[in-house]
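**Student:** In case you want the letters, here they are:
There are 2 protein chains.
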Amino acid sequence: MPAARAATRKPGSLPAGVKAGDSLSIARAISLVEDRADAGADLLQSLAAGTGRAHRIGVTGPPGAGKSTLVNAMARLLLDAGGSVGILAVDPTSPFTGGALLGDRVRMQGAAGDPRVFIRSMASRGDLGGLAAAAQDAADILDAAGKDWIVIETVGVGQTEVEVAGAADTVVLILHPEAGDGVQAMKAGLMEVADIFVVNKADREGAERLVRDVLDTLELRRPSDDGWKPPVLSTVASTGKGVAELLEAVGKHGDHARAAGSFERRRKARARQRIRELVEEALRARVLGSGPELLDGLVDAVTEGRSTPRAAAMELLRRVTVGKGKGGDHGDR
Amino acid sequence: MPAARAATRKPGSLPAGVKAGDSLSIARAISLVEDRADAGADLLQSLAAGTGRAHRIGVTGPPGAGKSTLVNAMARLLLDAGGSVGILAVDPTSPFTGGALLGDRVRMQGAAGDPRVFIRSMASRGDLGGLAAAAQDAADILDAAGKDWIVIETVGVGQTEVEVAGAADTVVLILHPEAGDGVQAMKAGLMEVADIFVVNKADREGAERLVRDVLDTLELRRPSDDGWKPPVLSTVASTGKGVAELLEAVGKHGDHARAAGSFERRRKARARQRIRELVEEALRARVLGSGPELLDGLVDAVTEGRSTPRAAAMELLRRVTVGKGKGGDHGDR
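First to last, the protein sequences are chains A and B.
For the first sequence, numbering that gives the first Met the number 0 begins at 0 and goes up steadily by one.
For the second sequence, numbering that gives the first Met the number 0 begins at 0 and goes up steadily by one.
Derived from the structure by calculation, the hints contain no laboratory data.
A portion of the hints provided could be inaccurate.
Heads up, the list lumps identical chains together, so a pair's fine if it works in one copy or across two of them.
Computed list of lysine to any residue pairs in SDA-like fashion (alpha-carbon distance at most 25 angstroms, straight line) [claimed, not checked]:
hint: 1; residue 1: Lys-228; residue 2: Val-192
hint: 2; residue 1: Lys-267; residue 2: Val-286
hint: 3; residue 1: Lys-18; residue 2: Arg-266
hint: 4; residue 1: Lys-267; residue 2: Asp-295
hint: 5; residue 1: Lys-267; residue 2: Glu-280
hint: 6; residue 1: Lys-267; residue 2: Glu-303
hint: 7; residue 1: Lys-267; residue 2: Arg-317
hint: 8; residue 1: Lys-267; residue 2: Gly-288
For reference, chain A alone in the conformation it holds in the complex (with noise of 0.2 angstroms):
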């Protein structure tokens, strides 16, 4: 891994080059996040005091909603206004990972040299529980190199693409005026976490009816919890229109938010979250890790009528456990 190399042989060099925000530097840490090893965990950890500052964006939609066109016009505005961006394209669909599969927007990145943007795709390596976190950690890197706006995009309307954008300050929801797109979004429960709903295309036949329709699916949605009562936005992302009015109310959602102590609550919840679902995997990788001999004779011990599967699992806790306490608690990272 090129990126884990750079970072071994000039120790201390990667933190701050991610701090001062040099793109070389946040694509090598993103990469080292994504390995899942010990640098990327040290890494984190150097960075930790640096984050919390930038507002996360959370897009999400059916695919063909044209949420990286919209997503583009955004940052721009952005830019224009005098901010900094981080763009994570985030898909649980594809094995491949990196600035490759964004030809248009590696483009708009290399053509505008602006070290103010940052655009990184992020894909399953086969491991969408592995993806999301990585999504997050990237967030964290972006976060404490400095970016204003990090804007964490998912292709589809999954169950791992809700879990990716709804792990955001603001989690703006894209539909297109399409047959079908409110219902599907309504399944996978993104109807419930969105704060702003767009119909983008709004220039094409049967948005207005769409917008109608999500406004009636929004009168019977159980109300949030801080009062925020959630916009339905009409743009034409390819025009840019709607698009400042979008960005608007993302920052009108930040403010409800902080007044009503739901955007510290909502992240304390994101972290506890994380904290528990590295725990489980800690666990999880000790216990498969106990070594498949103590785990086959537990297995015997119940197919042979001598155990049951909850005695074993007791047994195999207790030695997991014991060994490790001895040993220290060195190896789980």
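Keeping the supplied structure of chain A fixed, place chain B upon it in accordance with the hints.
**Tutor:** Relative to the frame of chain A, chain B by itself:
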């Protein structure tokens, strides 16, 4: 809990009653394991040596396929042939449990007064993971009670139902001639786990086409690792047509799997899975039960930039396992 009190009052009598095949004892024992309390774990341990003899048949399929009628017809034939039968009707969609839901079945049981059949419904109580585990525990009890055949029947083809019915020696998928059934079943992964396919209501229009559709789909399926070729049978449960052939196929599958070694392999895999689930459940309970102050403090450290989710997770894990290691492991069951 009346069953628990009865067990406490007369220690030792419940395992003996179960082993003797007493229906009231079996019912009390299943209530105990449904509660997932220590008494249930102790009971299962004392019954462990008597399990592993019964042939477990998982039966599932979309609602309206006639599963209950077919299972009743199967039970009658098995009883007529001199066998004893336990039936678990598992409904993840219902929060209610007990015999009350099974009007016609209880009547069948009461009318016959045959001690060789035991019928019980089990419902979610709002905890789907717990239901799958409780259904396996209940099957162990029926097994220890000397039932020759245990039928585990589910109401539909959701993920939990596939999990519940799939944890059997022979898995039967019941379809009926209505559009979309095959597709629905395939989506839930049922085509992959089924050993025997049944088109029930075979006297209805579309039955022959459905048989052909299933056969076509099976052509595309990866062959079983033990060389078993799943048959596609036609039944009319209401008249009993084809039920004897279905039972014959179940027996053939058992013989084939025993000879090929897959019968034991599957049981070992099932035991392994149950052990893992119980370990993870116990670990999760430990983490969540480690006191809200500890987790709250770690969450604050993360949101305030003093720590990372990973470092917080490792700290939580260290405190939980070290604390438990000193104090012993008795609180986990």
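**Student:** Give a verdict on every hint.
**Tutor:** Comparing the hints with the structure gives:
no. : hint                : in the structure
1   : Lys-228 <-> Val-192 : within (12 angstroms within a copy, 46 angstroms between copies)
2   : Lys-267 <-> Val-286 : between (29 angstroms within a copy, 17 angstroms between copies)
3   : Lys-18 <-> Arg-266  : within (22 angstroms within a copy, 54 angstroms between copies)
4   : Lys-267 <-> Asp-295 : between (40 angstroms within a copy, 9 angstroms between copies)
5   : Lys-267 <-> Glu-280 : both (20 angstroms within a copy, 24 angstroms between copies)
6   : Lys-267 <-> Glu-303 : between (47 angstroms within a copy, 10 angstroms between copies)
7   : Lys-267 <-> Arg-317 : between (32 angstroms within a copy, 21 angstroms between copies)
8   : Lys-267 <-> Gly-288 : between (31 angstroms within a copy, 19 angstroms between copies)
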